[in-house]
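Take a look at the letters that make up each chain.
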Amino acid sequence: MTSVLQSISIGILGFFLLYCAVTLTLLALSLREIMWYTRGHEPTGTRPGELGHQPSVSLVAPAYNEETLIVQSAKGFLASDYPRLEVIVVDDGSHDETFARLDEAFDLVPLPLRGRLALETAPVGSVHISRIDPRLRVVHKENGGRSDAINAGISVARGELVVITDADSLLEPDAITRSIQPFEVHPDSCLAVGGGIRVANGSRIVGGRVVAPGVSWRGVGATQVLEYLRGFFATRIAWSELNGLLIISGAFGVFRRDLLVALGGFSRDTLGEDMEMTMRIHHLLRPQWKDARVQFAPDAVCWTEAPGTLGGLRNQRVRWHAGLLDNLRMHWGMFGRARFGAAGTIAMPYMVLFEALEPIVEVVGFAIVITLLVLNLVNWTYLVAFFLIALLTGQVLSTTALLIEEIGFRRYRALDLLRLTAWGFVEALWFRPPLAWWRLKATVDALIGRRPGWGSIPRGEAILERPGEVVAPLTR
Amino acid sequence: MLLLVAPLGLTLWVLAITAVVIVAVIAIGVSRHIESFRTDRRRERVRVELEPVFSRFFESEDRARLAEELRPVFMRMDAAHRPVAAVLVADLMQAASFSQREQLREALEESGIVELGHRGTRRLSPWRRALACEMLGKIGAPRSVPVLLERLDDRRPEVRMAAVRALGDIGSAEAVPALSQAFLERRIAPTNVVNNALRRIGGAAAPAFEQGIESTDPIVRVSSCFGLSGIAESHGGAVHRLAEVLASESDAHVRAAAAGALGLVGGGNAPAALVAATTDPEVAVRRAALKALGSFDDPTTGEAIVASTEDDDRETALRAAEALLALARRPRAASEARARLASSSTWAVEYARTVAEVSA
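Protein chains in written order, with the numbering used here: chain L, 1 to 476; chain E, 1001 to 1360.
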């Protein structure tokens, strides 16, 4: 019995050390990039107008039962400083007054709806334009889910680039301008760009805009601020640099419209449609388009309200994990294969090991501790020492993420950073164990064919059709 | 979970090292926080020192006095202040009028600041090299060209990009051979950045784009089309060349680029190749051609445009309708286009008309 536990412990130790080494390497890479970014961005960073013209942009925001927020959100999107913008709000068959509120606030006029739409979706009832602000279009359609609504928006969009966001997301006024800069500098290779997502819990919001970033006084909100800083700003910068970014968040991503249409739009069969689209871009295009890039723009910021309770967090994380497993299965063909570049050789193994399998390892670790306690085999000195190591190593990652935030972005006050540091110390005690448990539960559910939310388990192959045409470069 | 594996001594060592790393990271964070305040103060100090000097120049336009005053101010600054001053100078150059810029440039050359910039391009720190390139570009002294050409071989892409842009800002034909080579070989900097620099040089860059049209690389061909449109004012043959490309090119993306580039030039009579492109088998070409036709004041194109309002492709039909509306606002083509609009009842025309009415 003891030798079995010992073998498992050695395995877990190896896993733990590998995780720390890889994550610290990513953080170091991000830190290096952020140093350049902060020093060089103002004078030598990308310049708007590098294309010789500014590409037209369509922002697509699906909305389902968003009557309380939708008018303010639409006004927030229209407040963007990007000049060539159209905003498309897709009312995905809401049962509430979403459409009526928009009609009332923006004086909508119907547009003729004929001509074949680029993507198949649930029936689209009508498309409207606003008399108050003609940049606003509203699509009224039957309910078909988030992906379906986005696809409807893409179909009526006329911009060269499409920004995908959520109706309840708050984009900073310069977010779109900043997010398209990688397309301007690398028009012949940049296929998609992800923006930085920040947690709005605890921030002061006035008129749909975050005017004073802050940190929630509640542990769930504050810890998620830290988690997002680690996930988005500390590691995605590195993944982007390696060209191995496997996820562009659905809350704020920019894609070439012709590419989305050629790829058949967002998948309706997975809970992680944002990650699926990003992986599909790598999977289908990287082998034939060697210098194709999926990039991250950390200074293009979108604020989002994270779940404020453990219940809400559980639902979100179970859904995310189910989506992750769906997508890894669908795009398993990329695993370890050099022709997909870093996406196949580094990012996929990282996702499998440290995202998909990590909850299993974590829960097994906790189970061993409990078993040893029950069998009275515990050496308390070791237990405390190892617990401290786990705690402090996690804290190294969190503190480095906060350092990157402070060097690169300086959004938070010193007091907020100190509070985040403090939450980082206790995170392993109360936040990570339930997270591991929910993700393990999602794994078990996936294995037995049960899934949260709607729909059936996707077959995966169905959406892996080759794009009909190689999309044209944006080069000007 | 690991309590069966490692000896206690090793465990304590790991613990201690981890704690030291955390303290170090926190210390760096705190020092950066303090440094950011110091940078703000530094910026303010430089501004306070330099702004009165430049204000006096803008009032009096006394170049000799500016040169005289600038030199000691710059010489007093240490390595931390000069980059801040460089940014300020670059901003001021951009804000100045053409004649003021000329005088500013001479004053900056006389006061030795251009020389300092030249030295800055060889600094160890890449962001300082890039900043120096940027400043030299904004100052626009032709004698900086050889220094910037050296930076085209810098190991950091950001510095190379800054050098390419600076060469474009200076606009000297001396940079054309190196930039042409960079453009055609697609190295040194992204195609668009080099293309932009060549365009800013103007007519002297035409051979680069003419050669680019013949390139085997379709991205260079696409970029060359837009390059030609960008220098059409100083290169008389640009429209003719683009029309030729549109008529003879086999790659649909290049044809679409040629059509799009023709649209950017616009003018009176539309080239026949552009009208023919409205029936091109490739959607991208039809779309680009129809959008382009809206930029020409040519009444004879109405028939082709109206036919395209019934195109199977939704975007093509919409672009045709928008082109017709655009023609209706042009002096020569207006009456013909209005008549066609009045007699058309396609959904695309109705759509474009509604958008135009609401937008008006």
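Honestly, the hints are just simulated from the structure, not real lab data. Fair warning: there could be bad hints in the mix.
With a straight-line cut-off of 20 Å between C-alpha atoms, the simulated SDA-like cross-links for lysine to any residue are [said to hold, decoys possible]:
(1) L:Lys441 / E:Glu1185
(2) L:Lys75 / E:Pro1157
(3) L:Lys75 / E:Val1358
(4) L:Lys290 / E:Arg1186
(5) L:Lys290 / E:Ser1036
(6) L:Lys75 / E:Ser1359
(7) L:Lys441 / L:Ala342
(8) L:Lys75 / L:Met35
(9) L:Lys290 / L:Ala342
(10) L:Lys290 / E:Ser1359
(11) L:Lys290 / E:Asp1217
(12) L:Lys441 / L:Leu328
(13) L:Lys75 / L:Asn243
(14) L:Lys290 / E:Val1358
Take a look, some chain L residues computed to stay more than 12 Å from chain E by CB distance [claimed, not checked]:
(15) Asn65
(16) Asp107
(17) Val127
(18) Arg209
(19) Tyr228
(20) Asn243
(21) Thr304
(22) Gly308
(23) Tyr350
(24) Gly394
Note that beta-carbon positions come from the ideal geometry of N, C-alpha and C, so glycine has one too.
Consistency of the hints with the structure:
A hinted pair counts as satisfied when its Cα atoms are at most 20 Å apart, and Lys441 of chain L with Glu1185 of chain E does not qualify at roughly 54 Å. Proximity of Lys75 of chain L to Pro1157 of chain E is assessed by CA-CA distance (about 39 Å); at most 20 Å being required, the pair is judged violated. Restraint check for Lys75 of chain L and Val1358 of chain E: the C-alpha separation of about 18 Å stays at or below 20 Å, so the hint holds. Taken as a hint, the Lys290 of chain L and Arg1186 of chain E pair is honoured in the structure, with Cα atoms around 14 Å apart against an allowance of 20 Å.
Among the hinted pairs, Lys290 of chain L with Ser1036 of chain E is inconsistent with the structure: their alpha-carbon atoms are about 40 Å apart, more than 20 Å. This hinted pair checks out: Lys75 of chain L and Ser1359 of chain E have alpha carbons roughly 17 Å apart, not beyond 20 Å. Taking the CA atoms of Lys441 of chain L and Ala342 of chain L, the gap is about 30 Å. The hint is violated against a cut of 20 Å. Simply put, Lys75 of chain L and Met35 of chain L have alpha-carbon atoms about 35 Å apart, too far for the 20 Å limit, and the pair is violated.
This hinted pair checks out: Lys290 of chain L and Ala342 of chain L have alpha carbons roughly 12 Å apart, not beyond 20 Å. Taking the CA atoms of Lys290 of chain L and Ser1359 of chain E, the gap is near 43 Å; set against the 20 Å cutoff, the hint is violated. The hinted pair formed by Lys290 of chain L and Asp1217 of chain E meets the criterion: a straight-line CA distance of about 14 Å does not exceed 20 Å. About 17 Å separates the Cα atoms of Lys441 of chain L and Leu328 of chain L, which keeps this hinted pair within 20 Å; it holds.
Restraint check for Lys75 of chain L and Asn243 of chain L: the C-alpha separation of about 34 Å exceeds 20 Å, so the hint is violated. For a cut-off of 20 Å, the pair hint linking Lys290 of chain L to Val1358 of chain E is broken: about 45 Å separates their Cα positions. Chain E leaves Asn65 of chain L outside its interface by the beta-carbon criterion, the shortest separation being 28 Å against a cut-off of 12 Å. Its closest Cβ contact with chain E, about 9 Å, brings Asp107 of chain L to no more than 12 Å, contrary to its assignment away from the interface.
Not every CB of chain E is more than 12 Å from the CB of Val127 of chain L (nearest about 9 Å), against its label as outside the interface. The beta carbon of Arg209 of chain L is kept farther than 12 Å from every beta carbon of chain E, the shortest such distance being approximately 24 Å. In this structure Tyr228 of chain L is separated from chain E by more than 12 Å, as the shortest Cβ-Cβ distance comes to about 18 Å. No beta-carbon of chain E is positioned within 12 Å of the beta-carbon of Asn243 of chain L; the least distance is around 14 Å.
For Thr304 of chain L, the requirement that its beta carbon stay farther than 12 Å from each beta carbon of chain E is met, with the minimum near 25 Å. Against chain E, the non-interface label of Gly308 of chain L holds: every CB pair exceeds 12 Å, the least being about 28 Å. Against the 12 Å criterion, Tyr350 of chain L stays outside the reach of chain E, whose nearest CB is about 22 Å from its own CB. Listed as a non-interface residue, Gly394 of chain L fails to keep its Cβ farther than 12 Å from every Cβ of chain E; the least gap is roughly 10 Å.
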